[in-house]
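Colleague: Residue numbers (the numbering used here), protein chains in the order written: chain U, 1 to 387; chain C, 1 to 96; chain W, 1 to 290.
These are calculated hints, taken from the structure and not from any lab test.
Among the hints, a few may not be true.
[As the list claims (entries may be wrong)] Below, computed lysine-lysine pairings styled on DSS-like, alpha-carbon distance capped at 30 Å:
1. U/Lys200 <-> W/Lys101
2. C/Lys39 <-> W/Lys243
3. W/Lys77 <-> C/Lys50
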Amino acid sequence: MPPVVLTGEHYMTGDEAIAEGAIAAGCRFFGGYPITPATEVAERMAHRLPGVGGVFIQMEDEIAAMASIIGASCAGVKAMTSTSGPGFSLMMENLGLAAITETPCVVVNVQRAGPSTGLPTQGAQGDMMQARWGSHGDYSLIALAPSTAQEAFHETIRAFNLAEKYRVPVLVMTDEVVGHMSERVVIPEASKLNVIERVKARGRKDRYRPFEPGENGVPPMAAAGEGYCVHVTGLTHDERGYPVMTAECQESMQTRLFAKIERNLDDIALTRGFFLDDAEIVLVSYGVSVRTCRAAMEEARALGYKVGLLQLLTVWPFPEEAVRALAGRVKAFITVEINLGQISLEVERLAAGLAPCFLAGHCGGTLISPDAVVEAVKRALKPGGKQ
Amino acid sequence: MNYWRVPLDAEVIPLTRGQVHVVEDRCKGCGYCIAYCPKKVLAPSEHYNKKGYHPPLVAKPADCVNCHYCESICPEFAIFSVEIPCSPDADRKDAA
Amino acid sequence: MAQTAKKQDQTTGGFEHHPLDDLLRTDRIPHIWCPGCGIGPTFSATLRGILASGVDLGSTVMVSGIGCSGRAAGYVKLDSYHTTHGRAIPFATGMKLANPKLNVVVFSGDGDLFAIGGNHFIHAARRNMDLTVICVNNLNYGMTGGQAAATTPHMAKTTTTPKGNPERPFNLPLLAFAAGATFVARWTVLHGRDLMESVQAAMTRRGFSFIEVLAPCPINYGRRNKELPLVTLRNYQVNTIIKNEASPAELAASGSGPIVLGRFVDENRESFLSQYDKTYRPQLAPAGKE
Chain U
1 MPPVVLTGEH YMTGDEAIAE GAIAAGCRFF GGYPITPATE VAERMAHRLP
51 GVGGVFIQME DEIAAMASII GASCAGVKAM TSTSGPGFSL MMENLGLAAI
101 TETPCVVVNV QRAGPSTGLP TQGAQGDMMQ ARWGSHGDYS LIALAPSTAQ
151 EAFHETIRAF NLAEKYRVPV LVMTDEVVGH MSERVVIPEA SKLNVIERVK
201 ARGRKDRYRP FEPGENGVPP MAAAGEGYCV HVTGLTHDER GYPVMTAECQ
251 ESMQTRLFAK IERNLDDIAL TRGFFLDDAE IVLVSYGVSV RTCRAAMEEA
301 RALGYKVGLL QLLTVWPFPE EAVRALAGRV KAFITVEINL GQISLEVERL
351 AAGLAPCFLA GHCGGTLISP DAVVEAVKRA LKPGGKQ
Chain C
1 MNYWRVPLDA EVIPLTRGQV HVVEDRCKGC GYCIAYCPKK VLAPSEHYNK
51 KGYHPPLVAK PADCVNCHYC ESICPEFAIF SVEIPCSPDA DRKDAA
Chain W
1 MAQTAKKQDQ TTGGFEHHPL DDLLRTDRIP HIWCPGCGIG PTFSATLRGI
51 LASGVDLGST VMVSGIGCSG RAAGYVKLDS YHTTHGRAIP FATGMKLANP
101 KLNVVVFSGD GDLFAIGGNH FIHAARRNMD LTVICVNNLN YGMTGGQAAA
151 TTPHMAKTTT TPKGNPERPF NLPLLAFAAG ATFVARWTVL HGRDLMESVQ
201 AAMTRRGFSF IEVLAPCPIN YGRRNKELPL VTLRNYQVNT IIKNEASPAE
251 LAASGSGPIV LGRFVDENRE SFLSQYDKTY RPQLAPAGKE
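Looking at chain U on its own, in the form it has when it is part of the complex (with noise of 0.2 Å):
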C-alpha cells in the first residue's frame, strides 16, 4: 500500500501540493470534473486516492461534483473537489447547500481570468468576491489563499481542519500560477501533521438533535447510518432538522450559522506581516500577488520606501483586525491582487478613513509586476496622491 503521507522533500505542481495536502489531512473522497487549471488535482486523486482506501469519481459536471462532495461528507468522510471560475460558478448552489446544513468539505478554485470562458490558462484573482458571496442569501463560510506550493500543501490540511471543526465549506483560493508552478515541497512525517475531525454524535440517538449547537456553537454530527436517523435539509431548519417557515426559525439559524465564524476569528483568520514594525506603507495580498509583493519590498526598501506587508493566508472571514490594528498608524494601504479591485474594497472599508487605500491590480492574464507595485508605493507617498 502506498503511503498516505509523502514525507520527504518534492519538486511538485500548487495542485499536486493540493492534492497530498488534502490525502494527508484525511480526505477519502474526490467528486471532480476537469478544468483548467484546476485538472491536475483530479488527476492527482484519481491516481492517489484509490491507493489509500478513498474513492475518486469524474462527475457529469461540477454541480453534480459538488453535490456528491457533500453527500460523501454526510456519509462522514472527507470529502474536496476542485475547479476553476466556470465550474465554481456552477457551483454555487450547492455551495449554500453546505452551508446551511454545516456540511464540512473543501472547495479548491485555481483561479484563472474570467468572465465565462476568459483566459483558461492564464492566472487572475477575480473570483474572490464570489468566493464570498457567489450563493444566494447570507451565509458565512472561510476561504484560504496559498502563494507557494507549499502553503497549497499545508493550507490544505488548514482548510479540512477548519471545515470539520466549524462544520462549514472551506474555499481553497489559489490561482493558474500557484496551481502550475513547481517547485520545492517539503512534506513532514504524518505524525508532525495536526489533522482534525468533526466532533461526531455521541449519548442517547433518541434524544440527539442534528442542530443542537455543542461547543463553539458547531453541532455534532451524525453521519448517515450511525443509526442517529437524522433529517438534513436546505429549508431554514430548528434545532431538530426539521423545516419552519418562520422569520423567528430563520432568525435563530442564520445568527448561529455566522456566530460560529465570527466567534472564532482568533482560530481561522489568519495573516502574515512582513516588516510591519516600521512600515510606512503596507501591502495587502494574498495568492500569489504575495510573491510580488516580496520582490517589490525589497525593491522599495533599496530605495529608501518604508514598506511592510500583510499576507492574507485567510481571506474570508476577512482578518478585520489586522488591518484595524495597522490603519491608525501607517501612511497607506496598497491591496495588491490580480483584480479590478475585491479584496481592496475590503481594506478600505477597514482603514475607515484613516488611511488613504490604493489598488495595484489588473484585470487578469498575467502577474502583477513588482515594478507596478512599487510605482504604486511612489504614487501612495505623494502628497496628494491618487487613489
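Fit chains C and W to the known structure of chain U by using the hints.
Modeller: Below, chains C and W without anything else, positioned relative to chain U:
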C-alpha cells in the same frame, strides 16, 4: 362473496376477515378508499374531522376481507386494516 | 357530538398506530401534499417495499431533491437528506461511494429528476450506480403551481402552456434503459402491491434501479385538464396494460394506446463500485463477489 370466476379452492380456503381502522384526523377526504374498496365497506361520513374533511365511515365492517387496498391507496397514512382471527366455522360460512 | 365521538371510537377502535408509523416522522404528519395527491400512495408503497426487502433500516437512507415529492425525505424516519433541485442523484452518489454499506433510495419527482436533474439521471444510470431511484411522475411541476414539465403530455394545459403543451414528453423507462439502468419498472398509484414488490426487488439487488410511478396531481394538473382525481385513477385502471419485459421503445406514457406497466428491465451488470474496486482497489474488493 361474488366471484367473476370462482376459484377451484374457494370452498376450502377460508377468506380472511379484517377490521378497518381510520386515523380520522389524518384524512383529507379524497375518497379513494371509498371508491376502490373491492367490498364497498366504506362510505362517506357526515361528520367532519378536525381539519374539516369528511373521513370515511366503516359502513359494512363485517364485509372487510383485509385486502389492505384502502391502506395502499390512501395518500395520508390514515386508514389500515388488521386481520381478525376467527373460528374456522365462521370462515367456511363466509366462503360459501 | 356524543354520536360523533362514538363513531370515531368505532372506526379507530382507539387504535391509531398505522402499520407504517414506525417509518414515519409522525410528528410531521399530516404532510403538505394536497387531498388526492399521488405522492402519498407512492411513498407508502415505497416504505412497504423497503420494509419487505428486509434491508437494515439503520443503514438505509432516503435522498430527495426539490418539489412536492422531494418533501418525502422530511417524512421518512430514516437518515434522510432533502437536497437541492435536481441534485439528489449526485448527492446520493457521493453518499453511496463514501459508505458502500448504505442502501440509498432517491425519491423525487419528474421535474426534479428529468428536467433540471436529467443529466445526473442518465449518468448515474450509465455508471450503474448502486441506487434505487423512485420517480413520482405527476406530469407537471406541482409545488410551483402546475407548470409544464419534461413529462407533460403533448397539448396538455399547464400554467406555462395555457393553449396546450407544444412539446413532446420523455418516455422515462426508455430513457432509463437507453442510459444503462439495469432495473426499470413502471406502475401507477393503483398498483400499490406491484409497486411495493418492485421497490423490494430494487432494494435487494445491486446496480441502478429506476421505478416510475404515475401519480395524480388533482389540484395543479387535473384541474386544468378537466380530470377529476377519480377520473385519473379510472384511467390508470382501464387504460393500462401490464406487460412485463415489454420493449422500452413501446412505453410512451401518452398517446392513443394503453399505458404499458410492468417490470421491463432486470439485468445483471456490475455496479460502478464493484468495477471501481476491481480496477482500482483490489485490496478492498471481496473475492468472488458479482
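Colleague: Please go over all the hints and tell whether each is borne out by the structure.
Modeller: Against the structure, the hints:
1. As the CA atoms of lysine 200 of chain U and lysine 101 of chain W are separated by approximately 19 Å, the hinted pair is consistent with the 30 Å bound.
2. As the CA atoms of lysine 39 of chain C and lysine 243 of chain W are separated by approximately 27 Å, the hinted pair is consistent with the 30 Å bound.
3. Between the alpha carbons of lysine 77 of chain W and lysine 50 of chain C the distance comes to roughly 25 Å, so the proposed pair stays at or under 30 Å and holds.
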